[in-house]
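S.K.: So you can see what is in the structure, the chains are spelled out below.
8 protein chains.
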Amino acid sequence: MDNQEDNLMDGGVSFAKLDFAREARTGFGETVFCPGKTETQLVAILEAFSKANRPVLCTKCSAGQFHAVKNAGLFVEYDEVSRILISVWAKPPSLSGSVAVCTGGTADVPVAEEAARTASFFGAAVQRQYDVGVAGLHRLLGRIEEIRKADAVIAVAGMEGALGSVLAGLVEAPVVAVPTSVGYGASFGGVAPLLSMLNSCAEGMTVVNIDNGFGAAAFACRMLRNRMKRERS
Amino acid sequence: MDNQEDNLMDGGVSFAKLDFAREARTGFGETVFCPGKTETQLVAILEAFSKANRPVLCTKCSAGQFHAVKNAGLFVEYDEVSRILISVWAKPPSLSGSVAVCTGGTADVPVAEEAARTASFFGAAVQRQYDVGVAGLHRLLGRIEEIRKADAVIAVAGMEGALGSVLAGLVEAPVVAVPTSVGYGASFGGVAPLLSMLNSCAEGMTVVNIDNGFGAAAFACRMLRNRMKRERS
Amino acid sequence: MDNQEDNLMDGGVSFAKLDFAREARTGFGETVFCPGKTETQLVAILEAFSKANRPVLCTKCSAGQFHAVKNAGLFVEYDEVSRILISVWAKPPSLSGSVAVCTGGTADVPVAEEAARTASFFGAAVQRQYDVGVAGLHRLLGRIEEIRKADAVIAVAGMEGALGSVLAGLVEAPVVAVPTSVGYGASFGGVAPLLSMLNSCAEGMTVVNIDNGFGAAAFACRMLRNRMKRERS
Amino acid sequence: MDNQEDNLMDGGVSFAKLDFAREARTGFGETVFCPGKTETQLVAILEAFSKANRPVLCTKCSAGQFHAVKNAGLFVEYDEVSRILISVWAKPPSLSGSVAVCTGGTADVPVAEEAARTASFFGAAVQRQYDVGVAGLHRLLGRIEEIRKADAVIAVAGMEGALGSVLAGLVEAPVVAVPTSVGYGASFGGVAPLLSMLNSCAEGMTVVNIDNGFGAAAFACRMLRNRMKRERS
Amino acid sequence: MDNQEDNLMDGGVSFAKLDFAREARTGFGETVFCPGKTETQLVAILEAFSKANRPVLCTKCSAGQFHAVKNAGLFVEYDEVSRILISVWAKPPSLSGSVAVCTGGTADVPVAEEAARTASFFGAAVQRQYDVGVAGLHRLLGRIEEIRKADAVIAVAGMEGALGSVLAGLVEAPVVAVPTSVGYGASFGGVAPLLSMLNSCAEGMTVVNIDNGFGAAAFACRMLRNRMKRERS
Amino acid sequence: MDNQEDNLMDGGVSFAKLDFAREARTGFGETVFCPGKTETQLVAILEAFSKANRPVLCTKCSAGQFHAVKNAGLFVEYDEVSRILISVWAKPPSLSGSVAVCTGGTADVPVAEEAARTASFFGAAVQRQYDVGVAGLHRLLGRIEEIRKADAVIAVAGMEGALGSVLAGLVEAPVVAVPTSVGYGASFGGVAPLLSMLNSCAEGMTVVNIDNGFGAAAFACRMLRNRMKRERS
Amino acid sequence: MDNQEDNLMDGGVSFAKLDFAREARTGFGETVFCPGKTETQLVAILEAFSKANRPVLCTKCSAGQFHAVKNAGLFVEYDEVSRILISVWAKPPSLSGSVAVCTGGTADVPVAEEAARTASFFGAAVQRQYDVGVAGLHRLLGRIEEIRKADAVIAVAGMEGALGSVLAGLVEAPVVAVPTSVGYGASFGGVAPLLSMLNSCAEGMTVVNIDNGFGAAAFACRMLRNRMKRERS
Amino acid sequence: MDNQEDNLMDGGVSFAKLDFAREARTGFGETVFCPGKTETQLVAILEAFSKANRPVLCTKCSAGQFHAVKNAGLFVEYDEVSRILISVWAKPPSLSGSVAVCTGGTADVPVAEEAARTASFFGAAVQRQYDVGVAGLHRLLGRIEEIRKADAVIAVAGMEGALGSVLAGLVEAPVVAVPTSVGYGASFGGVAPLLSMLNSCAEGMTVVNIDNGFGAAAFACRMLRNRMKRERS
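Chains as they are written, first to last, in this note's numbering: chain A, 1 to 233; chain B, 1 to 233; chain C, 1 to 233; chain D, 1 to 233; chain E, 1 to 233; chain F, 1 to 233; chain G, 1 to 233; chain H, 1 to 233.
What the hints contain is simulated information worked out from the structure, not anything from laboratory work.
Simulated crosslink set (DMTMM-like; lysine to aspartate or glutamate; CA at most 25 angstroms straight-line):
no. : chain 1 : residue 1 : chain 2 : residue 2
1   : B       : Lys-229   : H       : Glu-145
2   : E       : Lys-149   : D       : Glu-23
3   : E       : Lys-60    : C       : Glu-80
4   : H       : Lys-91    : B       : Glu-172
5   : C       : Lys-149   : A       : Glu-23
6   : F       : Lys-60    : B       : Asp-10
7   : G       : Lys-149   : F       : Glu-231
8   : C       : Lys-229   : A       : Glu-231
9   : E       : Lys-229   : D       : Glu-145
10  : C       : Lys-60    : B       : Glu-80
11  : F       : Lys-229   : G       : Glu-231
12  : G       : Lys-229   : F       : Glu-145
13  : E       : Lys-149   : F       : Asp-6
14  : H       : Lys-60    : G       : Glu-39
15  : H       : Lys-229   : B       : Glu-146
16  : E       : Lys-229   : D       : Glu-172
17  : A       : Lys-60    : D       : Glu-80
18  : E       : Lys-60    : F       : Glu-39
19  : D       : Lys-149   : A       : Asp-6
20  : D       : Lys-60    : A       : Asp-10
21  : A       : Lys-91    : A       : Glu-80
Note that this is a predicted model, so its numbers are computed, not measured.
All chains should be built: construct the whole structure from the sequences, respecting the hints.
M.R.: If you want it as structure tokens, here you go:
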């Protein structure tokens with residue numbers, strides 16, 4: 001039991017409860033949301049996972065947080081664009097199935113990379129289809145056969161956020177749409193594509209929070225794992 | 001001067017100032033926005049135009065308002081779907097050029113008809129392309145050659161409002177997008193397609209108010225008239 | 001080809017383009033969103049499907065629309081609570097797999113029934129778990145073993161909308177959350193649970209529009225069908 | 001009377017009116033909201049309290065403001081995490097009763113510490129239960145017996161803000177919910193948990209402003225003091 | 001066990017799970033939120049409580065719902081103003097302590113009566129102080145001595161919602177503020193007083209949802225009961 | 001003292017506190033905001049004023065409320081357009097000075113009439129300038145000399161709400177702007193003109209609530225009365 | 001004419017049109033809104049006024065802008081708190097009458113000083129009453145006699161913004177309310193007090209934009225000037 | 001084909017798909033939206049256009065991005081005010097016709113310059129009319145004859161955004177309105193002028209996103225090009 005949960009303390013205050021049994025129970029490594037955590041707290045959390053030899057993925061990790069982790073002597077990989085930090089001390093399990101991550105434009109790439117790297121960490125094969133927005137349909141139509149091969153599609157788009165609707169009409173796999181905060185003015189930090197995606201007239205699409213590439217990938221991988229589990233049973 | 005302006009009174013209160021010189025000055029007939037006007041006021045306004053023999057178009061006219069006008073013995077045409085009421089006592093001038101009015105779905109037709117009938121009243125040729133939304137791209141692509149023949153394109157769409165962006169990428173004519181209040185939940189009465197259209201990554205598109213089919217058509221016809229005027233000069 | 005698409009006309013205006021090939025192509029029957037359609041339009045659409053012998057599901061159908069359809073002599077089933085209308089002239093295909101539809105309270109039942117009846121129409125087995133909201137956790141915990149048997153979970157909740165987060169932490173299947181407009185005051189017609197669900201700290205959950213039980217079920221069934229297709233290949 | 005109120009001046013302008021009789025009248029020390037006050041003003045206010053030998057608590061005090069106070073030679077304690085600054089020149093009165101401060105995650109700790117330190121300053125016993133969010137119910141259920149011992153419960157949560165509803169269903173003490181601005185995207189700076197908490201279907205819970213740990217603790221202590229007063233009478 | 005929970009069915013669907021053990025466990029009778037429930041469902045729920053001889057309070061009950069309940073032969077009291085319906089078949093327990101319910105204006109009375117009748121149902125003594133808004137301070141100051149006698153104060157106000165802040169500065173008891181949807185224009189259905197109350201600079205006040213008189217009273221009574229329980233222990 | 005305040009009761013509940021000394025103290029008659037008051041309450045309030053022989057003005061009075069008052073035998077005047085009801089049993093005091101009430105369009109007349117009739121009730125001379133919106137500047141410029149004669153200007157406008165800014169640049173008198181809920185779509189019930197007016201780049205203009213013609217007139221008359229008072233002193 | 005208007009150029013672009021005749025025409029000096037202007041533009045504008053010997057007041061002037069102006073050798077006074085910059089080369093005209101500027105708290109002082117300094121620049125006598133918020137009514141009541149002596153009252157308040165309503169009920173002079181962006185969380189940058197003030201149930205109050213101390217003072221001085229003008233006529 | 005599209009790679013990831021055939025197809029040079037692109041990506045994109053000898057316009061380009069481009073040895077022009085960066089390696093095609101760019105104030109100049117420089121890049125003649133806002137109508141009326149000579153009018157305004165409505169009533173050319181984020185408080189980053197413009201009661205005006213000078217000019221030039229094309233055909 002002791003190695004299944006850890007209660008971290010800082011200055012006499014218990015600030016986090018870690019769940020080491022999660023991987024065995026769910027088949028997925030642990031994940032940490034970095035914003036709002038002090039560098040001290042983040043290092044303590046990662047040290048605990050390292051000691052327990054559990055894989056861990058950190059999202060929205062700032063450069064400062066990464067350097068604190070690195071300076072603490074922990075072995076991690078960090079991607080500046082997506083701000084994803086991944087432990088290298090333990091190999092996460094793999095999944096059968098693939099996820100296509102598509103973006104409307106180049107500016108959506110950081111969120112798309114968060115999705116792509118999360119899906120990889122959770123064990124899925126990943127294909128990237130970036131800059132295929134609907135204002136130049138020929139770019140999307142040129143890639144659609146490849147996208148159709150994926151078991152799940154993640155549509156990452158800011159501005160008018162129409163990529164998801166068009167994709168859901170063109171593929172048979174489930175589509176998870178991720179609005180991004182790319183844009184200005186009446187984009188309102190991603191509200192425009194969020195509303196656009198929620199109101200899609202296309203069937204077979206659901207939505208996650210603005211800039212939540214992680215959440216889309218975690219959901220897609222849960223679909224894949226659930227399928228594996230049923231296939232085995 | 002007297003026949004160029006009329007100051008209507010009701011119960012000692014002057015509630016409207018009519019502009020009979022408008023047609024001569026701008027080439028367009030007069031238009032009246034009906035909501036908030038009493039039946040008495042609307043009848044008085046139309047009687048004044050009838051006496052002056054000027055064409056007039058009324059928008060968002062309720063069935064009750066129409067019946068009051070009809071019962072007053074005025075000769076008008078009324079379309080229930082678009083709530084457009086048009087005088088038949090004077091023939092409005094015509095324009096050279098055509099406008100394509102497109103909708104995402106069937107539920108957008110009332111707003112599209114407001115646009116189409118306004119454009120006709122202002123003298124333009126009109127083509128209608130309804131139910132060509134982006135969730136089933138084949139429907140739109142099957143009509144695109146015909147739409148490309150128009151001098152101006154009006155894209156009417158509720159829900160995610162992506163029709164305008166896709167159209168603006170496929171045609172060379174200017175595109176005016178009209179968000180509609182069709183939808184529910186996070187559509188927020190048309191806010192979702194409005195934001196989507198304002199944030200379009202497509203070039204060559206502008207936007208009017210939610211459900212403002214009239215405004216889109218009036219703008220399109222101003223473009224056509226401006227062109228005619230320059231061609232003549 | 002002719003029997004794969006139908007272009008419906010009303011008063012010289014083409015208001016809808018029907019897609020009869022959809023079922024063969026996607027494995028799902030056609031669906032119609034009723035709001036904003038006139039009774040004449042809806043009857044014409046259903047008559048066309050009836051003639052083509054294709055199954056069709058209508059969502060958010062008003063009692064008035066249902067009576068118009070019934071009076072036109074079409075054979076349909078109508079559920080007042082969910083406002084779902086289903087054709088009985090053709091048997092839709094079935095899916096292997098099951099969907100659990102859960103609600104926070106009794107007032108969420110109409111949206112849940114929209115989801116449940118849609119999932120049934122699309123061929124899934126459905127289990128209903130209503131009135132298991134988080135303010136009385138014992139009710140939810142008493143049902144959790146049964147819910148865990150489902151291949152997909154739909155969490156329908158208004159008010160604070162926390163049901164989805166709690167469920168996603170308790171089951172392994174993908175969870176689709178549906179915010180409902182149940183509530184008053186600062187619920188803002190469902191905005192409160194919508195935001196709550198979008199910001200969930202639980203992994204493995206996505207969101208659809210407020211009151212969109214149909215969309216959640218359509219997505220869940222796309223997951224099931226996609227799995228079947230892969231299993232066969 | 002002179003020592004019960006002080007009218008502070010800066011550059012000929014009276015910018016603050018201090019109330020030294022407050023402690024005697026209400027049983028609570030004075031509190032100062034720091035944002036928007038210049039360092040000069042804050043130092044002047046604290047010097048006045050120091051001279052009058054009254055305890056004072058400052059909220060949302062920036063590091064810069066703290067250093068200005070320290071450099072002025074005033075004896076204070078400062079907590080960086082919660083940005084609480086407390087005078088050490090006078091001992092505030094104590095209360096009988098205890099407050100449990102709970103958080104959904106680690107990132108909510110700054111607001112929780114504002115609540116916990118305020119409750120201590122006002123004389124209550126405090127228990128801290130951090131990182132017990134609803135996406136992992138076992139963590140909360142493992143602590144619930146201890147939480148039930150408190151006279152008042154403060155539920156601090158960002159993201160979906162469901163902690164308060166679940167707690168209010170599990171304990172008998174009054175629950176004050178504090179939404180936090182932890183999150184991103186459609187969290188809108190804490191609007192999501194605020195709305196979630198206002199719409200809770202749980203009885204026995206009220207809400208304070210986003211990030212207002214101070215206000216929750218002040219209210220809880222007013223409950224405790226009111227009880228003491230009634231017990232004595 | 002059987003008489004502690006009841007699972008109500010309608011047309012083969014279980015739509016509600018009743019909790020008869022609640023009164024014994026919490027000291028409070030059961031409550032039912034009526035909007036969104038069909039008349040059939042509400043009658044079934046009340047019949048179950050009647051059979052189990054448990055007291056029950058229904059909030060926001062429409063006149064139609066009341067008549068359905070009455071026609072089913074159930075013995076209840078109904079107040080049109082507050083839309084509160086109360087069972088008369090069982091006497092709810094009483095509390096020691098009193099609640100003052102205050103309103104800014106006459107139009108706030110329906111929400112205030114919801115609070116007052118709920119507090120009475122839960123066993124508290126209630127004093128009513130209506131139409132004492134801050135734009136005419138003399139009215140409030142004339143009543144303040146009486147209000148100070150209460151153990152808890154509920155401040156019900158629409159428009160600018162300032163009553164709570166002023167009251168919290170004048171009394172020592174905890175103040176629960178209830179914003180009301182009274183007003184028009186930029187009141188936005190109660191958002192104006194809600195924000196005003198959340199941003200109060202007064203200590204010792206918390207807030208509930210717009211028009212949630214019930215919630216304020218339920219919280220106040222939880223405070224009183226919690227005090228009783230501690231006094232006995 | 002007794003005849004200076006009256007405490008009205010209904011069913012044992014005191015629902016209103018009347019202030020008969022107001023006229024003597026402020027120089028203005030009493031005013032009543034009708035929404036949210038039952039017919040019984042409104043009649044009781046007006047009967048009390050009638051007995052006390054005090055003038056009273058009621059705003060936003062529904063036709064139903066008016067008929068209840070009339071059927072109770074009270075002598076009042078009612079204007080359907082502005083929904084203003086005025087007592088005829090007592091003559092209110094008069095002011096020296098005049099107010100110009102201007103509107104952008106005909107649909108703004110109801111709010112303008114609320115302002116105009118309120119200003120008359122409070123004793124000011126009133127000039128009406130309706131339908132002088134900025135999209136046809138010649139109409140406004142044709143009236144500007146007359147408007148300049150007024151001591152205060154009230155600018156009533158919906159839609160883009162630009163009338164106030166233009167007026168404030170053309171006259172020297174203080175301008176009070178009243179946004180109206182006239183419009184549709186992105187007008188959001190008057191939010192568009194409200195924001196427009198609050199952001200005016202014109203000096204010498206302030207704003208009242210959406211549709212609050214009463215408030216603008218009450219403010220204008222306070223300006224006039226204050227001037228009279230100073231002139232006499 | 002030449003010295004009545006100046007058309008400023010920068011890099012071949014005319015960026016500003018100055019109005020030197022304004023003082024003669026309106027009795028007020030010119031004012032400049034600084035945000036969005038480059039330092040070069042601001043210096044050019046002030047140099048033109050200096051050459052023309054006209055008084056000028058600049059609002060929301062940053063420290064950087066001030067230093068650019070100072071380094072250009074222009075004689076100005078700058079107040080850091082209110083960010084008001086005033087020319088010293090010309091004496092503005094004076095007015096008869098006084099303005100009371102009141103604030104709820106110390107943090108509102110910057111906006112209040114903007115109002116106070118603007119009113120002084122426009123020639124009014126100014127009294128300051130700071131930190132008299134409604135949560136401690138005794139502070140306000142202690143100053144009310146002095147405030148009643150003013151010809152116009154400006155109520156500056158953030159948070160719940162109730163100061164204006166309470167003041168308008170206590171004084172006879174017109175009250176202009178200024179919401180401030182002081183606060184956090186659900187203050188939404190001043191929206192909370194803005195809505196509170198717009199929905200005030202007090203008569204005789206109007207509102208300006210958030211943090212617009214300048215606008216309130218300009219309006220108050222227009223009232224005073226208008227009175228002077230009438231007195232003379 | 002190879003030289004018509006280029007697929008840019010960075011670190012193994014394809015982040016952009018370039019369209020070199022665009023100019024031939026549409027008559028317009030390519031445009032790049034800079035925010036969200038890394039300096040590496042932007043340089044790679046511009047190098048590709050430079051090699052292909054195609055003209056390119058970059059919008060909202062930061063100073064840092066410009067320096068990266070310059071340091072890479074690419075020949076470009078950069079305007080700090082509008083943040084427009086233009087290639088100098090290829091001459092873009094020209095259009096017949098002119099565009100008038102007008103602003104309400106000096107602070108709107110950056111957005112206006114974005115429009116003016118875009119229109120120039122696309123080949124139109126441009127006239128600039130800055131600082132002609134509606135609060136001082138004489139400035140606008142003094143320029144109106146010149147503005148009437150343009151084929152399209154762009155109205156750039158923040159604050160109340162009324163410039164577009166007034167212009168559309170005074171000219172015959174189509175008017176495209178651009179709201180700007182100039183302002184503070186209830187401007188909400190440009191929402192106030194955006195709503196004002198969408199609700200304009202003037203005919204012949206459409207709207208683009210807040211601060212989208214580029215979009216307005218692109219649309220205006222599409223109008224001009226469309227006219228040329230028709231004239232030739």
